[in-house]
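The listed protein sequences correspond, in order, to chains E and R. First residue of the first sequence: 1, per this note's numbering; consecutive thereafter. First residue of the second sequence: 1, per this note's numbering; consecutive thereafter.
Misleading hints may appear alongside valid ones.
Unchecked claim - Each computed SDA-like pair below joins lysine to any residue, with the alpha-carbon atoms no more than 25 Å apart: (1) K271(R) to I390(E); (2) K271(R) to L408(E); (3) K345(E) to Y167(R); (4) K345(E) to G284(R); (5) K345(E) to T255(R); (6) K210(R) to S45(R); (7) K150(E) to S45(R); (8) K210(R) to Q350(E).
Hints listed in this document are in silico derivations from the structure and should not be mistaken for laboratory results. Since we're looking at a predicted model, the values are computed, not measured.
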Amino acid sequence: MHNGTGSLPFVQFKPIKNFTSPSSVSCIGLVGVLEVKPRPKPYAFIHSILGFSLFIYTSMNDMEHRKTNDGEGRRLDGEEEEEEEDEDEGNGRGLDAWERAYADERSWESLQEDESGLLRPIDNKTIYHAQYRRRIRSLYSSTTTARIQKGLIRYLYIVVDLSRAASEMDFKPSRMAVVAKHIEAFIREFFDQNPLSQIGLVTIKDGLAQCLTDLGGSPDSHVKALMGKLECSGDSSLQNALDLVHGYLNQIPSYGHREVLILYSALSTCDPGDIMETIQECKKSKIRCSVIGLSAEIFICRHLCQETGGSYSVALDESHFKELLLEHAPPPPAIAEFAIANLIKMGFPQRAAEGVISICSCHKEAKVGGGYTCPRCKARVCELPTECRICGLTLVSSPHLARSYHHLFPIPPFDEVSLSLLNNPHQRSSRACFGCQESLLIPGNKPTLCVACPKCKQHFCLDCDIYIHESLHNCPGCESFRHSKIVSVTEE
Amino acid sequence: MGRSAVMAPVPSKLYSDDVSLLVVLLDTNPFFWSTASLPFSKFLSHVLAFLNSILLINQLNQVVVIATGCNSCNFIFDSSSVPANPNLENGRMPALCSNLLQKLEEFVTGDEKLSKEVLAAGIGSSLLSGSLSMALCYIQRVFRTGPLHPQPRILCLQGSPDGPEQYVAVMNAIFSAQRSMVPIDSCVIGAQHSAFLQQASYITGGVYLKPQQLDGLFQYLSTVFATDLHSRRFLQLPKPAGVDFRASCFCHKNTIDMGYICSVCLSIFCKHHKKCSTCGSVFGQAQSDGNSATDRKRKTPET
Chain E
1 MHNGTGSLPF
11 VQFKPIKNFT
21 SPSSVSCIGL
31 VGVLEVKPRP
41 KPYAFIHSIL
51 GFSLFIYTSM
61 NDMEHRKTND
71 GEGRRLDGEE
81 EEEEEDEDEG
91 NGRGLDAWER
101 AYADERSWES
111 LQEDESGLLR
121 PIDNKTIYHA
131 QYRRRIRSLY
141 SSTTTARIQK
151 GLIRYLYIVV
161 DLSRAASEMD
171 FKPSRMAVVA
181 KHIEAFIREF
191 FDQNPLSQIG
201 LVTIKDGLAQ
211 CLTDLGGSPD
221 SHVKALMGKL
231 ECSGDSSLQN
241 ALDLVHGYLN
251 QIPSYGHREV
261 LILYSALSTC
271 DPGDIMETIQ
281 ECKKSKIRCS
291 VIGLSAEIFI
301 CRHLCQETGG
311 SYSVALDESH
321 FKELLLEHAP
331 PPPAIAEFAI
341 ANLIKMGFPQ
351 RAAEGVISIC
361 SCHKEAKVGG
371 GYTCPRCKAR
381 VCELPTECRI
391 CGLTLVSSPH
401 LARSYHHLFP
411 IPPFDEVSLS
421 LLNNPHQRSS
431 RACFGCQESL
441 LIPGNKPTLC
451 VACPKCKQHF
461 CLDCDIYIHE
471 SLHNCPGCES
481 FRHSKIVSVT
491 EE
Chain R
1 MGRSAVMAPV
11 PSKLYSDDVS
21 LLVVLLDTNP
31 FFWSTASLPF
41 SKFLSHVLAF
51 LNSILLINQL
61 NQVVVIATGC
71 NSCNFIFDSS
81 SVPANPNLEN
91 GRMPALCSNL
101 LQKLEEFVTG
111 DEKLSKEVLA
121 AGIGSSLLSG
131 SLSMALCYIQ
141 RVFRTGPLHP
151 QPRILCLQGS
161 PDGPEQYVAV
171 MNAIFSAQRS
181 MVPIDSCVIG
191 AQHSAFLQQA
201 SYITGGVYLK
211 PQQLDGLFQY
221 LSTVFATDLH
231 SRRFLQLPKP
241 AGVDFRASCF
251 CHKNTIDMGY
261 ICSVCLSIFC
271 KHHKKCSTCG
281 SVFGQAQSDG
291 NSATDRKRKT
301 PET
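The shape of chain E in the complex, shown without the other chains (with noise of 0.2 Å):
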């Protein structure tokens, strides 16, 4: 207890006397019965600073915690307008190691109780089996029974959101700049395995859809124009985006299947009419509309989908945006009224030989041989597939067309295999896999999770599963046995 004044660097005690003296009144919960008052003018400012920012930080220590994406450095006191600012930033630059791991990582996510209640970490990888085995599950009990078709001949055109929202940094470094590199992965893909389709880019912009590229089959023109347009302002329209998109759609041939897929950003849509009059056009003109929102589900962006047959998802984190995007890439079941069969005339053009100098008809300069030939007009292309400049003949080469016969002749999903068969010894298959030969049996003669094609009846590892379902399109098991069918029949 202190008898008489105490003194810090910029205040001082007193022994209170009476309460009216105005500086001593907001002082009082600190100090009880002492007077705390501020030394002479100089000092007044630093005291009333310090109070503020002691403040600033208490309360900005609970919003750290409470935040989860971004971390927030900490900052010497005085700096308080900028620890507001750069909150929105979200770097953990500040963060030790063992916070970001709190903050960022979370760290409590990648344990897990096994059957005696201890933990253990995640085992990522038959985590990614399983989503994987339920993935192909689903996408095939939807196609055994009827036959279904698939629109190999898709005109897919891409409307990318460019609004305001679309500087948001939820998603690092920006909604826009990652959902330009996925569409760039995403063209690619998508001419990998639709050689004979068209993309075209839209963009919406201050409530304006403009088109970035007309249809085209040439993936690096559409990359180069994204690249170079990536400015976001004002406003997103929906209304104004499928109106244009179903302008253009309305002019390609009637055997094509008509696509939108739109990746949105904005939790709104300011359009100038109705909506759903246009919605009701595209279901008209049998346009498949499909969405990826990037924040949050939007009830009109679901009402288009369901209406014009779509899928609509809402991407979690970039590898989730990353996944729902390839998932367009493969033909979609097609609607038969969707699409009227027909036959399209096209050309096989042979490679010109080495040596031959022509002028070539898309960059209009002379080329020394290594070029395609239109067999209709005989003018020199550069490669395919393309559309012959002078004629309009679609030149294709058999690859080409023989890139989707996968589409047509899917293999069926493995079935699991319960593992005490596995230590048969009369069953016929070995205990590797037939694929790659790698054995099926851990260490300790505990049996790993294996899966056997339903024709040839033959074991795969779930690594090989995978990579033949997913790129390769051929059991091996069923192509190295010329009599696989009748051998199995006589098994059973």
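Assemble the complex: chain E is given as a structure, and chain R must be docked to it using the hints.
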């Protein structure tokens, strides 16, 4: 060839970029070899010498041999597996050769047993699609072993003619190899060129060769196919003369310049038809459900 047979990890500074994994697809079709100009035993001696030379070029090189039979395909040899009895030598050949030859003999007798009935004269083809698929699965396993792995490539030693029923499967394998960046080299021993292998080598960036003098096969193999992928950039290897990418029509099997494609199933026709013979779609009008499925593989009903 189990998990314990994988080689011990190599310190990274010893691992240079010219280490290769060569998967050899050996054609053992008896219908072809009975009428070939080069006897199978002489062919095998060329190939064995070639495989030994590959293993000598770099101690980390790996060779895998898959036999392409008439009725089945199987792995014959893997140089990274521990041999069962390292002291087994029959006096004339070292252990690795005898191992390979023994397995090959078992495979050929097993393959012959699988010939069910007297086959039609048209079947002279071997199961190239099967051995390509097995090779690619094995290569994927090598990719999974981590960042240090040999550069894989596939060498097809093929003599039998192409089987048109394998077209789709072979093309699937080719595209998958192209995606994984695995070149497919081809050395055609038979009398005629192989369109499948020409396309395979062109699309995947491999080398296609039809040797003119089969007596000197070892020389062709060691000068053209022995180099690893890194060193190929510095060599002039045989270029594809003219790959024919034209398609054949489904009705007459003629090669055509211009044709009509069904927009539903992508079958190729040379003349305008009213109805597609593959998928049954009627052209020019809207579809109805329940089209007849003619060549669609029948699926087993799910229980």
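* Asked: Within 25 Å, alpha carbon to alpha carbon, are K210(R) and S45(R)?
  -> Measuring from Cα to Cα gives roughly 19 Å; hence the hint holds.
* To do: Take the C-alpha atoms of K271(R) and I390(E), compute the straight-line distance between them, and say whether it is at most 25 Å.
  => 23 Å, holds
* Are the Cα atoms of K345(E) and G284(R) separated by 25 Å or less? -> Since the Cα atoms of K345(E) and G284(R) sit roughly 14 Å apart, the hinted pair holds (cutoff 25 Å).
* To do: Please work out if K210(R) and Q350(E) have their alpha carbons no farther apart than 25 Å.
  => 22 Å, holds
* Asked: Are the Cα positions of K271(R) and L408(E) separated by 25 Å at most?
  -> Holds, at about 23 Å.
* Asked: Holds or violated: K345(E) with Y167(R), Cα cutoff 25 Å?
  -> 23 Å, holds
* Proposed proximity, S45(R) with K150(E) (alpha carbon, max 25 Å) -> Cα-Cα ~50 Å, so violated.
* **Agreement of K345(E) and T255(R) with the hint, judged by alpha carbon distance not exceeding 25 Å** => 15 Å, holds
When held up to the earlier numbered hints, the structure conflicts with hint 7 and nothing else.
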